[in-house]
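Peer 1: Same order as they appear, the protein sequences are chains F and D.
Going by the UniProt record's numbering, the first sequence opens with residue 1, and the numbers climb by one from there.
Going by the UniProt record's numbering, the second sequence opens with residue 1, and the numbers climb by one from there.
Some clues are possibly wrong.
Cut-off 27 Å, straight-line C-alpha distance, at most; resulting in silico cross-link-like pairs (DSSO-like, lysine-lysine) [unchecked claim]:
id : chain 1 : residue 1 : chain 2 : residue 2
1  : F       : Lys148    : F       : Lys68
2  : D       : Lys250    : F       : Lys68
3  : F       : Lys120    : F       : Lys97
4  : F       : Lys68     : D       : Lys464
5  : D       : Lys456    : F       : Lys68
6  : D       : Lys195    : F       : Lys153
FYI, nobody ran anything at the bench for these hints, they're computed from the structure.
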Amino acid sequence: MLARLATKRLLEIRQAFRQAPQASRSLSTALNYHVDTPDNKPDLPWEFSDTNKNKVKEILSHYPSNYKQSAVIPLLDLAQQQHGGWLPVSAMNAVAKVIEVAPIRVYEVATFYSMFNRSKVGKYHLLVCGTTPCMIRGSRDIEDALLKHLGVKRNEVTKDGLFSVGEMECMGCCVNAPMITVADYSSGSEGYTYNYYEDVTPKRVVEIVEALRRGEKPPRGTQNPNRINCGPAGGNATLLGEPKPPPCRDLDAC
Amino acid sequence: MGLGLLASRALRSTRAFSPLNPRNVRTIVSTPELQKPEAAAAVAQPEADLPKRTPVAGARVHLPNPEDAIEVFVDGYPVKIPKGMTVLQACELAGVDIPRFCYHNRLSIAGNCRMCLVEVEKSPKPVASCAMPALPGMKIKTDTPLAKKAREGVMEFLLMNHPLDCPICDQGGECDLQDQSMAFGSDRGRFTEMKRSVVDKNLGPLVKTVMTRCIQCTRCVRFATEVAGVQDLGMLGRGSGEEIGTYVEKLMTSELSGNVIDICPVGALTSKPFAFKARNWELKGTETIDVTDAVGSNIRIDSRGPEVMRILPRLNEDINEEWISDKTRFCYDGLKRQRLNDPMIRGADGRFKAVSWRDALAVVAEAMHQVKPEEIVGVAGKLSDAESMMSLKDFLNRMGSNNVWCEGNGVHTNADLRSSYLLNSSISGLENADVFLLVGTQPRVEAAMVNARIQKAVRATHAKVGYVGPASEFNYDHQHLGTGPETLKEIAEGRHPFCSALKNAKNPAIIVGAGIFERNDKDAVFSVVEAIAKQGNVIRPDWNGFNVLLLNAAQAASLDLGLVPESDNSIESAKVVYLMGADDVNLETLPNDAFVVYQGHHGDRGVYRANVILPAAAFSEKEGTYENTEGCAQQTLPAVPTVGDARDDWKIIRALSEVAGARLPYDTLGAIRSRMRIVAPNLLHMDEREPATFSASLKPECNEKMSTSPFGTAVENFYMTDAITRASKIMAQCSALLSKQ
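Between the sequences and the hints, there should be enough to build the whole structure, so can you do that?
Peer 2: Written out as structure tokens, the structure is:
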């Protein structure tokens, strides 16, 4: 009896230890090294589209001709929009060729920023803010609701290729926490939008997802009907009149 | 309170209050007057009382412009330094060694390890001394509690994710992190979480990676980019997920890749062939010279007992700085394979039979006496030292033959003017050149260290490089002007666009490859190159930019000693051929009844045709003089004993001369060197570059015409050029994996 209890306890302890240790928290969608897959290989051809070639020229014109490499971030962003929200290694090589640097210098930048997705994402990439204010206001529940509704894991694409869910650092909407961002890659770099949906609830995010699935464009900004932008719910309670200027600013009186 | 802490406290108190010699007391607080009256007195009258400090590692400072000197104070000691030096360099001059990981004086400054933090007066927080320029009157404090605490804190962070696997790490015992954590780290850590782990990268057959040990100093990334000139490595990811890698699986295809092993301060990049073979404290170091190319890189052979375990570079600013090529570093396993260890005679059945030295020498002497003197031919190999070449020449001359030469020197060997076969600008002098014209040479495979200098010049001053020769790979920007003598003629006649670059250059350098020596129209090619040199004002009293890049370690010394054959087709009529380590000499035209003696250390190409084998010592086993391509004589020293019954080359020839009845008059190395002093005194000026006295303009006019055939490649495979490297397994792996790409 005692022996059985002891084994049981031991198993429990082992179970507790066996749980994967907290890996270093990374918001990136892919590993720090490239693994060849059928849709992501260095020898696949990749080029900027004709309209984007003009945009490339425009972007390069912002920088002196001997500092072309400064354009690496806007060009990677453009390439990502063109390629449906993610950067295959051949796209990074194409950018390296445009700015005349070794490919590794582009890989360094692309792996540094978590906003560059180096593995496939959905047409609508949903990014849940995970920073403290949003977390306190329930961003974990928002993410759980999204993942449960779509039936995927984080950074995994739904079967129809429409949605993927990721996490992001603070995007400065703490006053309207919690919030999600929808990166819309459904219509290429021309119709690319990057909208904030604030004051969301687990129920509201599911509605937003369903609206996107139907091809609608749900109104961006706060989802709380009682609020205007980041004003308080139910209208202003303070600062109702015209603000009085501080007396010392009246320079003529001095 | 732990024992260690108690002990350290006890030590500290005895140190701080030691009444012995106030001069040797180094205060550990920033306000010594509060602690000790003596120290306050010392502060009151500085300079006079301060003991003289010697700079770290004998660092010297050159003040080109005395007005530009500024004075800073390191721990109260005044130091004069030139403007633009960093705080760390000032501390080094003051004799204070600042701990560092990412800083390396031959690489750009990164400032990301933070180990070099020091306190600077009036600065609110510790400053990273490697990246901070020293300002006039700066008061730097390296020994204060603030600096010590900062170092201890940084060390704790570095050790947070560093595995505790020193017992199984090859860097153990020569690890910067190990040493510095002993010196500056805390005796305990507070980190209880899981350590991170990183996937190992495959960088090829030479460099082993254990990326979990990496501390992200980025020295290897900067080395690959700045010195090796291959942009393969990079820093991927961010924060705690940061790692060194190539992103796309890629081998490091640089001929200098082995140097990342030396610059890695931890065990993340170690030598693959040396892995788990030995500990560094078991090894005996012998300072010697590399012979796999004509550069003569300074190396240290680390041996254990009779075995060479590894080869490391030695600092020589004029030749190899502190790098060596992969061929130099990893050829050592060739020294253990395919060695000849007994004298052997080929029997009637075509098989070799081991015999005694007495019998072998008697057979050779008899064969030599049976033929006419002019039918004896001697060929020195590319790895021969000057002493043995001297004795070979003396011996054959005494036998009545003057057909003795060194392989690689080609036809119509011309040894009259030293300037026509030396790298006259000197290897370090190439850094000052602003335009290079490479004629029939691929320095990347012929002399990797010379190529590194050209790369350095291109990177530092945007020097232009023009190249005439077959399509080849370069690791710097270059213009491929053409493939053959046609282009050369165009440049000489001023019809080529590259002419204007040559004319406008301040210090133009022309480098001619020794592969040209093998061409029949070599004199014509050289006269055209000299014409170009004359036009471009390449040879001036203050600058000599006319260079020949030799291929083999023996070449320069053999030409200095006058190993020039009497006739160019002596091989066709030879009856006795004496190969002294010569494996690449073309024996196809040799008559079938010729008697071939092979004296050497490896069973390589020369052995196939040999009738008698005389085993000799390799460069790691003998004392010998080698002259490198710039005319600097250097000496190898024996690191390990010879294998089997092998003997030094000169001793074999000395013994043979006795048996053959033409006794050479020297019995010691010293005696041979006195003989060399008569022929080529510069070979006795060790470690000194002896520039050529007369310029090539004294040459007689050449009326030959250049053929139209394009220049060839002198070195087909960088990793396998001589008997030692051809016997090496590691070099075979390298040429299979790396040369293909």
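Peer 1: Against each hint, give a clear statement of whether it holds in the structure.
Peer 2: Taking the hints in turn, this is what the structure says about them:
1. Straight-line distance between C-alpha atoms of lysine 148 of chain F and lysine 68 of chain F comes to about 45 Å, which puts the hinted pair past the 27 Å bound.
2. With a C-alpha separation of about 26 Å, the suggested pair lysine 250 of chain D and lysine 68 of chain F falls inside the 27 Å cut-off, and the hint holds.
3. This hinted pair checks out: lysine 120 of chain F and lysine 97 of chain F have alpha carbons roughly 23 Å apart, not beyond 27 Å.
4. Taking the CA atoms of lysine 68 of chain F and lysine 464 of chain D, the gap is about 22 Å. The hint holds against a cut of 27 Å.
5. A C-alpha spacing of about 23 Å is found between lysine 456 of chain D and lysine 68 of chain F, which places the hinted pair at or below 27 Å, so the restraint holds.
6. A hinted pair counts as satisfied when its Cα atoms are at most 27 Å apart, and lysine 195 of chain D with lysine 153 of chain F qualifies at roughly 25 Å.
Consistency note: the structure conflicts with earlier hint 1 alone.
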